[in-house]
Amino acid sequence: MKSQQRKVASFGRRRLLQGLGSGAIAFAPFVRGLDAWGAPAGNFCVFYTPNGHVRSDFGATGQDATFTLKSSLAPLTPIKAKLSVLHDLDNPGASSKASHEDCVRTLTCLEGGDIYTAQGPSIDWVVAQSFAQRPLTTSSLWAAAPNWQSKISWKAKGVFDAHVDNAKTVWTELFGNFVPPGTPPTVMDKRREQKGSVLDFVMEDVTMLMPRLAAPDRAKLSNHLDSLREVERKVATPIPAAGGGANASVCDPAAVRLRVDAGTGAIVGGEELARALEIKMDLIATGFACGNRRVATLLAQGASDGRNPFGGVNHHDVSHYMGTDPVGTWKKIDSWYAQRFLYFANKLSALGVLDNTVVVWATEISEEHSQTGFVMPLAGGSALGMRLGKAFNGKNTISNLWVSVQKAMGLNSETFGASSSGGLPGLYTSV
Amino acid sequence: MKFKAWSMVLLPLAASCTGSVSPTDGTFSTDETGMPAQGGRTTVPDNGPGSALDCAADAIPRARLWRLSKLQYANTVSQVFGVTPDVSEFPLDGVSDDSFTSFDTNADKNLVSDQLATLYEAQAAQVASAYVTRLATQKPCVLSAAPVAGCASSFFRTLAGAAFRRPVSAAEAERLASFYDKARLANDATTATRMAAEAILQSPHFLYRFELGTAATGAKVPLTQHELASQLSYFIADAPPDDALRKAADDGELKSPAALAGHVDRLLERPSARQKVQAFMASFLGVKNLADGKAKDVVKFPMFDAALRSAVVTDGLAVIAKVTFDEAGSFDALFDREISLGVSLSAVYGASKRPAVLAHPAVIAALSNEATTSPVHRGLFFRRSLLCDALPPPPANASNQIAKLSDPSNKDGTQRDQWVYFQKSSPSCAGCHQQFQPFGLGLENYDPIGRTRDNDNGKPIDLTVAADESDPQIDGTYKDAVALGKAIAASDEGRACFAMQYTTFGFGREVDLASDAETCRLKRLVRQFSEKDLNVKELLKAMVLEDGSGYRSYP
Numbered sequence: 268m269k270s271q272q273r274k275v276a277s278f279g280r281r282r283l284l285q286g287l288g289s290g291a292i293a294f295a296p297f298v299r300g301l302d303a304w305g306a307p308a309g310n311f312c313v314f315y316t317p318n319g320h321v322r323s324d325f326g327a328t329g330q331d332a333t334f335t336l337k338s339s340l341a342p343l344t345p346i347k348a349k350l351s352v353l354h355d356l357d358n359p360g361a362s363s364k365a366s367h368e369d370c371v372r373t374l375t376c377l378e379g380g381d382i383y384t385a386q387g388p389s390i391d392w393v394v395a396q397s398f399a400q401r402p403l404t405t406s407s408l409w410a411a412a413p414n415w416q417s418k419i420s421w422k423a424k425g426v427f428d429a430h431v432d433n434a435k436t437v438w439t440e441l442f443g444n445f446v447p448p449g450t451p452p453t454v455m456d457k458r459r460e461q462k463g464s465v466l467d468f469v470m471e472d473v474t475m476l477m478p479r480l481a482a483p484d485r486a487k488l489s490n491h492l493d494s495l496r497e498v499e500r501k502v503a504t505p506i507p508a509a510g511g512g513a514n515a516s517v518c519d520p521a522a523v524r525l526r527v528d529a530g531t532g533a534i535v536g537g538e539e540l541a542r543a544l545e546i547k548m549d550l551i552a553t554g555f556a557c558g559n560r561r562v563a564t565l566l567a568q569g570a571s572d573g574r575n576p577f578g579g580v581n582h583h584d585v586s587h588y589m590g591t592d593p594v595g596t597w598k599k600i601d602s603w604y605a606q607r608f609l610y611f612a613n614k615l616s617a618l619g620v621l622d623n624t625v626v627v628w629a630t631e632i633s634e635e636h637s638q639t640g641f642v643m644p645l646a647g648g649s650a651l652g653m654r655l656g657k658a659f660n661g662k663n664t665i666s667n668l669w670v671s672v673q674k675a676m677g678l679n680s681e682t683f684g685a686s687s688s689g690g691l692p693g694l695y696t697s698v
Numbered sequence: 022m023k024f025k026a027w028s029m030v031l032l033p034l035a036a037s038c039t040g041s042v043s044p045t046d047g048t049f050s051t052d053e054t055g056m057p058a059q060g061g062r063t064t065v066p067d068n069g070p071g072s073a074l075d076c077a078a079d080a081i082p083r084a085r086l087w088r089l090s091k092l093q094y095a096n097t098v099s100q101v102f103g104v105t106p107d108v109s110e111f112p113l114d115g116v117s118d119d120s121f122t123s124f125d126t127n128a129d130k131n132l133v134s135d136q137l138a139t140l141y142e143a144q145a146a147q148v149a150s151a152y153v154t155r156l157a158t159q160k161p162c163v164l165s166a167a168p169v170a171g172c173a174s175s176f177f178r179t180l181a182g183a184a185f186r187r188p189v190s191a192a193e194a195e196r197l198a199s200f201y202d203k204a205r206l207a208n209d210a211t212t213a214t215r216m217a218a219e220a221i222l223q224s225p226h227f228l229y230r231f232e233l234g235t236a237a238t239g240a241k242v243p244l245t246q247h248e249l250a251s252q253l254s255y256f257i258a259d260a261p262p263d264d265a266l267r268k269a270a271d272d273g274e275l276k277s278p279a280a281l282a283g284h285v286d287r288l289l290e291r292p293s294a295r296q297k298v299q300a301f302m303a304s305f306l307g308v309k310n311l312a313d314g315k316a317k318d319v320v321k322f323p324m325f326d327a328a329l330r331s332a333v334v335t336d337g338l339a340v341i342a343k344v345t346f347d348e349a350g351s352f353d354a355l356f357d358r359e360i361s362l363g364v365s366l367s368a369v370y371g372a373s374k375r376p377a378v379l380a381h382p383a384v385i386a387a388l389s390n391e392a393t394t395s396p397v398h399r400g401l402f403f404r405r406s407l408l409c410d411a412l413p414p415p416p417a418n419a420s421n422q423i424a425k426l427s428d429p430s431n432k433d434g435t436q437r438d439q440w441v442y443f444q445k446s447s448p449s450c451a452g453c454h455q456q457f458q459p460f461g462l463g464l465e466n467y468d469p470i471g472r473t474r475d476n477d478n479g480k481p482i483d484l485t486v487a488a489d490e491s492d493p494q495i496d497g498t499y500k501d502a503v504a505l506g507k508a509i510a511a512s513d514e515g516r517a518c519f520a521m522q523y524t525t526f527g528f529g530r531e532v533d534l535a536s537d538a539e540t541c542r543l544k545r546l547v548r549q550f551s552e553k554d555l556n557v558k559e560l561l562k563a564m565v566l567e568d569g570s571g572y573r574s575y576p
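For the record, the sequence lines run as chains A and B.
The first sequence begins at 268 in our numbering and counts up one residue at a time.
The second sequence begins at 22 in our numbering and counts up one residue at a time.
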């Protein structure tokens with residue numbers, strides 16, 4: 268055996284990552300809590316529900332800070348000071364389609380592609396990639412298998428990022444490198460080094476294979492390599508257990524795992540959807556609190572779809588005024604989702620991250636099945652410069668909303684998608 | 022053009038279904054010929070004297086890597102490492118938007134996402150750990166406290182060979198041994214062995230099926246013997262080659278068609294072959310959607326809870342396997358054999374007999390909306406899944422017209438009444454819906470959860486279905502949609518479609534019928550399929566043994 272003559276897998280990069288050490292890792296969220304220019308690091312989440320809303324009752328009346336929430340948003344009254352309501356937004360990038368299929372453009376605001384394919388990237392990807400991350404894309408258990416109705420998150424032009432609906436998978440995705448309580452730091456350091464060595468070997472395996480392949484398979488493996496880099500990043504940045512880190516009071520993956528394992532139980536109907544959404548919201552909020560994921564997209568149900576939480580005619584058909592009292596049913600559904608939005612804001616608040624998190628409630632279509640006059644609630648982000656406790660009434664574009672989000676998240680850009688310039692006036696003020 | 026009926030040109034059908042719907046008045050404009058919605062077809066002459074098809078060349082699929090499915094991964098880990106992995110958290114395998122049926126096997130759609138890579142990493146750690154624990158009793162040289170010369174190279178050559186389903190080269194074995202040696206510098210032998218096993222479990226050579234052939238260029242490159250063995254084994258049983266098949270590949274015996282056929286016959290008798298056909302049928306008939314959690318309206322159907330849904334799926338899959346694999350074992354048995362429902366369904370479904378698998382509650386519930394019978398979706402099943410007709414997606418704003426599907430002044434009308442109304446209220450939309458919605462009306466004697474019913478909103482149900490496909494084998498008036506299904510199964514069109522569906526599922530690729538070679542291939546398969554009484558096992562055998570299956574092409 269002549270090991271010296273063999274090609275030896277690299278251990279060098281691993282040592283560099285290991286150099287963070289357990290002490291540094293305990294403070295990792297705070298180390299990463301300041302961007303290079305000193306702005307507080309933020310989190311961003313899109314909460315997506317399908318089929319639009321009944322505009323007459325979804326929004327706010329009044330000007331600026333004296334606004335009153337309309338009936339469908341009344342459940343959000345307790346967080347009014349942490350909320351802004353954005354009225355009269357258009358999505359010019361999608362206006363020629365004017366249907367549920369525009370869900371593929373809600374977060375891109377770009378025209379082009381066929382009816383099920385968007386240009387890209389979408390706002391969640393743009394923000395996440397500015398942090399060298401990927402967004403966490405997840406959905407409730409009622410969302411359909413990946414198809415056009417759930418295509419809201421786009422890594423790049425035509426490259427759709429499928430949502431994950433299994434809560435355990437989401438937990439592993441977020442906290443697979445969770446350090447169990449009581450684990451000696453030296454053991455974890457050692458295991459991290461071992462895992463890193465294996466990943467180096469595997470990535471080299473993938474790279475060595477690529478030249479042999481035709482272009483489509485090279486692209487396939489290039490995507491695989493990206494995924495391995497993400498695994499490597501997670502392995503190198505373990506999540507401290509509750510009680511084990513400086514942010515232990517809020518970062519508690521074990522607690523959220525208990526909730527995940529308990530599942531939704533025997534409940535059915537709307538309560539089942541509510542619990543499933545809450546579990547995902549708990550996961551996202553904990554991910555934000557632990558500092559290991561900063562962008563997420565939560566799809567409640569797919570576009571042009573949607574079971575009615577109250578049973579009966581489904582959400583989509585209601586949005587086409589079918590069934591008995593469709594407007595009344597639709598308003599009830601809007602209000603029901605407002606309660607889920609409230610839960611999420613409260614969860615973020617309880618974990619101490621609401622002020623550093625911008626949550627936008629988005630949908631693919633407005634009441635007339637057009638791409639004009641959207642109403643979008645936004646919560647959180649005051650520490651990032653978001654102006655809250657205010658109704659914004661001027662006509663504007665969804666693109667400009669995403670520009671304001673970009674700014675709050677530290678991206679120095681005045682444009683996003685089509686028809687944007689500088690953001691929604693007054694929504695973002697530099698901190 | 023990707024979609025084309027196997028022996029027909031679909032232009033008139035497609036032209037009637039493209040364009041856009043005016044958001045204001047519902048009028049419809051076509052963007053091509055402006056032809057009315059007739060749905061007629063043009064027959065392409067069969068292969069033979071005067072044939073318009075060139076059948077000289079085989080249909081050669083392109084060279085590719087194909088990620089193991091969730092089940093294939095589990096089976097391969099179990100067979101190679103003797104450890105059962107936990108794949109319960111793995112995401113669903115990917116579906117293609119443009120499939121005729123939503124099979125989850127498409128090689129272009131099954132990538133390694135970061136979620137999946139994370140789960141592969143976690144499973145590799147767990148499986149490798151259990152593997153080295155199990156290995157300890159065998160005292161292999163890699164676990165000895167003192168290094169043994171030549172041991173690692175030999176050991177990992179064997180292990181990787183099993184894992185990669187092919188012999189590994191000396192250089193590959195040395196690379197693994199080097200990794201093990203390096204790991205041993207900082208760890209004990211058990212840990213180093215575990216780390217090497219983790220690397221093998223995450224290697225692309227393990228996670229993908231290789232269909233690259235013996236050269237990296239060329240229009241007809243033969244698969245290697247081991248690639249052929251893998252194709253055969255995963256195609257039939259979703260499992261890696263067993264020892265006998267592996268040895269045959271090692272010895273070059275699979276060059277002999279007779280030897281290859283012998284292995285096919287042998288594998289088709291394995292329980293896993295039955296499960297694979299069952300998995301195909303579950304997707305083909307839509308039952309998989311129900312199994313994956315498609316639910317019913319809780320107000321209208323409170324009895325259809327998770328427990329009943331599960332019982333319906335279990336019973337449905339059992340009946341499907343019994344009919345299409347164990348007993349008649351034929352495609353047409355889906356439509357012409359009376360079946361019995363299991364006793365677990367009797368409380369809700371009453372009478373235990375159904376005229377055919379198509380009428381099993383699992384199939385009916387899968388093809389229905391959550392609260393309505395949905396002749397649209399049921400009809401689309403006939404058009405897309407049984408006839409392989411490529412209806413283009415609805416115009417972008419078609420869903421805005423959905424209110425016109427039902428008559429507001431006759432909310433208690435039957436589904437057939439609503440269809441008559443829809444034809445008047447939105448003639449442009451009805452032009453396309455005409456192609457499928459009437460077929461769905463032939464199943465109106467089953468409610469959205471698959472119970473029988475003899476009235477719709479208190480009114481009698483007319484199940485009559487008229488088929489006008491310009492195909493004498495199918496055209497006619499049928500007493501219901503089950504009878505229509507039977508006629509389709511008896512037709513060349515229906516048989517070709519079935520072979521095409523299994524190609525899409527079993528080989529993970531779309532069938533491009535713009536290619537003469539593909540059309541000719543289907544015609545050959547139909548001939549063989551028909552000669553063998555539509556036996557499903559015989560179809561699979563013909564597919565995996567046909568000449569083109571042993572080759573790949575490069576652009």
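These aren't lab readings, by the way, just hints derived from the structure by calculation.
There could be a bad hint or two in this list.
Short, incomplete list of chain B residues facing chain A, as computed with Cβ under 7 Å [said to hold, decoys possible]:
no., residue
1, Thr139
2, Ala279
3, Phe322
Which bits of chain A does chain B cover? Going by a derived footprint, with three or more residues having C-beta under 8 Å, they are [what the hints assert, rightly or not]:
no., stretch
4, 339–352
5, 486–499
6, 552–561
For every residue, glycine included, the Cβ atom is placed at its ideal position computed from N, Cα and C.
Hints, verified against the model:
Given hint, B/Thr139 at the interface with chain A, holds; its Cβ is 5 Å from that chain's nearest Cβ, closer than 7 Å. Look at B/Ala279: its Cβ only gets to about 32 Å from chain A, farther than 7 Å, so that hint breaks. At about 9 Å, the closest approach between the beta carbon of B/Phe322 and any beta carbon in chain A exceeds 7 Å, and the interface hint on this residue is violated. Residue count for the stretch 339–352 of chain A with a Cβ under 8 Å from a Cβ of chain B: 0. That is fewer than the three needed, and the coverage hint is violated.
Under the rule that three or more residues need a Cβ within less than 8 Å of chain B, the assignment of the stretch 486–499 of chain A holds, with 9 such residues. Evaluation of the coverage hint for the stretch 552–561 of chain A: breached, as 0 residues show C-beta separations to chain B shorter than 8 Å, against a requirement of three.
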